[in-house]
Amino acid sequence: MRVYLTAVRLSLRRYLAYRSSAAAGAFTNTVFGCIRAFVLMALWKQKPEIGGWDLADAVTYAFLTQGLLAPMGVFMTSTELGPRIRTGDVAVDLYRPVDFQTWWLSLDLGRALGGGLLRTVPPVLFGALLFPVRLPSSPLRWTEFAVCCALGYLISFGLRYLASLAAFWTMDERGMSSILVALGMFCSGLIIPLSVVPGALGTVLLHTPWAGIMQMPINVLLGTQSGGVGYALAFGTFWAVLLLAAGRMLTDVARHKVVVQGG
Amino acid sequence: MTTTSTTDPIILAEGLTKAFGSSPGRFRRRRTTDGGFTAVDGIDLRIAPGELVGYIGPNGAGKSTTIKMLTGILTPTSGLLRVAGFEPQRDRVRLARRIGVVFGQRTTLWWDLPLKDSFTLLQRLYRIPPDRFGENLAYYTAALDLGEFLDRPVRQLSLGQRMRGDITAALLHDPAVVYLDEPTIGLDVVSKHAVREFLSDLNQRTGTTILLTTHDIADIERLCSRVVAIDHGRVTYDGSIDDLRADRDLETVVRELYLGRSLVDTTE
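Those protein sequences? They're chains A and B, same order as listed. Residues in the first sequence are numbered from 1 upward in steps of one, following UniProt numbering. Residues in the second sequence are numbered from 1 upward in steps of one, following UniProt numbering.
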């Protein structure tokens, strides 16, 4: 267990070593938070209530999603594992006396914690100062939000880990990763909140694993999750367990079938 | 004649074979391989504890594939394989604690972090007792002259420094067997010399079994008493270096060996 904690710690430290990069990222997240907030405000001024949200909910959503982008890895093409499979460096990881999936989870978790520390607060704080952002004060609500975020993170890792593993068969993870990013941007509610997508498409979108990454934790924080916190927790747990189990199975298959590239 | 030993071999391979692209199954790679080929084709190998063996052959002969099987990361298609009493693929995790690997063309170190952080991680990875870890790190820091760059991020190290870091990383947990896959590649003459002296000393001081892959004839001449050569996945020579070079220089003999000419029968 200690080896994984050490891996998380070192990975976090590595992330924190690149502070100017994180600052640039936080700045960009904030700028796009403003743009997205203006778009949603224009929409909500036309229709003051859509999908159970008022204007303050929508603006809060815009800045919270911007804050969650980095830790949730929404724009990340895979994990750092993908390129290592492509170049064959994975040979080094494969012979180490650790559980392969837990090892990569630890490294990615360190990265996510770093993103959470440096890139989540600035956009949300900026939004709270200059826009009608409305955040709850109940500690219980924030705790529930944090748990849902943790599950959302596991879903995100589960998806990206599967995309990375695909490189064992496709020889290059980049195609699979591009598909994943494009799908993820839309399905996680980054372009428009999933709760305002109408009809059957909206229903489908609310049931894909991506819904659990940002939309549901934020619904829980805003107190607008249909079915309540219990539903969000069950949904997140279901997808996290399913994706991690699939990753574990595929890891075992890969171990027996892989070609480690390069001499 | 091949080396015969009364002790149990620490590396034992019988009919070891690895074929790519011809395995049945749903995930069969149809387009990416041209019909499949056999990278390692029935290798027999017995290496006794404490031996320092040069494992040579032209590019694509199957050396790296063999080493990947010896570490347990590739599953042999057929044949028997035992390393330190373990079946590599099945007992991969337990075997990993007994072996060390240096991939000359890859690094096991953490690119963005100071060298010593990679060593800290390895201490946890291999559960090295703190006393032992401290002793070993002090020893290798002195022997390989790591002191001046222990605190520097690995990406800022020269190739020679990085290689010394990688060699230390492979040895901190006192492995019984070490595979070195081109450990002197790209190094200048001084660094090469330092690495060779270090490996020779390691082998004599601790009795660590070393399997060395290299394209540098001088590595072989300086370090190895025994040479195993392979080509097209088959063993083409296994014997002492003195028998191999006999009355000619080693480079000529190795070139002929690689070109696939039949050797003058010096082995019997």
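Derived by calculation from the structure, the hints in this document are not laboratory data. Hints may contain errors.
[Said to hold, decoys possible] Heads up, simulated SDA-like pairs for lysine to any residue below, C-alpha to C-alpha not over 20 Å straight-line:
# : chain 1 : residue 1 : chain 2 : residue 2
1 : B       : Lys116    : A       : Asp93
2 : B       : Lys116    : B       : Gly147
3 : B       : Lys116    : B       : Ala170
4 : A       : Lys47     : A       : Thr28
5 : A       : Lys257    : B       : Lys116
6 : B       : Lys116    : A       : Arg13
7 : A       : Lys257    : B       : Asp151
- Item | Pair hint outcome, B:Lys116 versus B:Ala170 [Cα-Cα no greater than 20 Å] | 14 Å, holds
- Message: Holds or violated: A:Lys257 and B:Asp151, Cα atoms, limit 20 Å.
- Response: Between A:Lys257 and B:Asp151 the Cα gap is close to 39 Å, so the pair fails against 20 Å, i.e. violated.
- Between B:Lys116 and A:Arg13, does the CA-CA distance stay at or below 20 Å? Since the Cα atoms of B:Lys116 and A:Arg13 sit roughly 14 Å apart, the hinted pair holds (cutoff 20 Å).
- Item | 20 Å Cα cutoff - pair A:Lys257, B:Lys116 | 35 Å, violated
- Task: For the pair we were handed, B:Lys116 and A:Asp93, check the Cα-Cα distance against 20 Å.
- Result: Cα-Cα ~19 Å, so holds.
- Message: With the threshold set at 20 Å, check whether the alpha-carbon distance from A:Lys47 to A:Thr28 stays at or below it.
- Response: 29 Å, violated
- 20 Å limit on alpha-carbon distance, applied to hinted pair B:Lys116 and B:Gly147: 10 Å, holds
Going through the hint list in order, the structure does not satisfy hints 4, 5 and 7.
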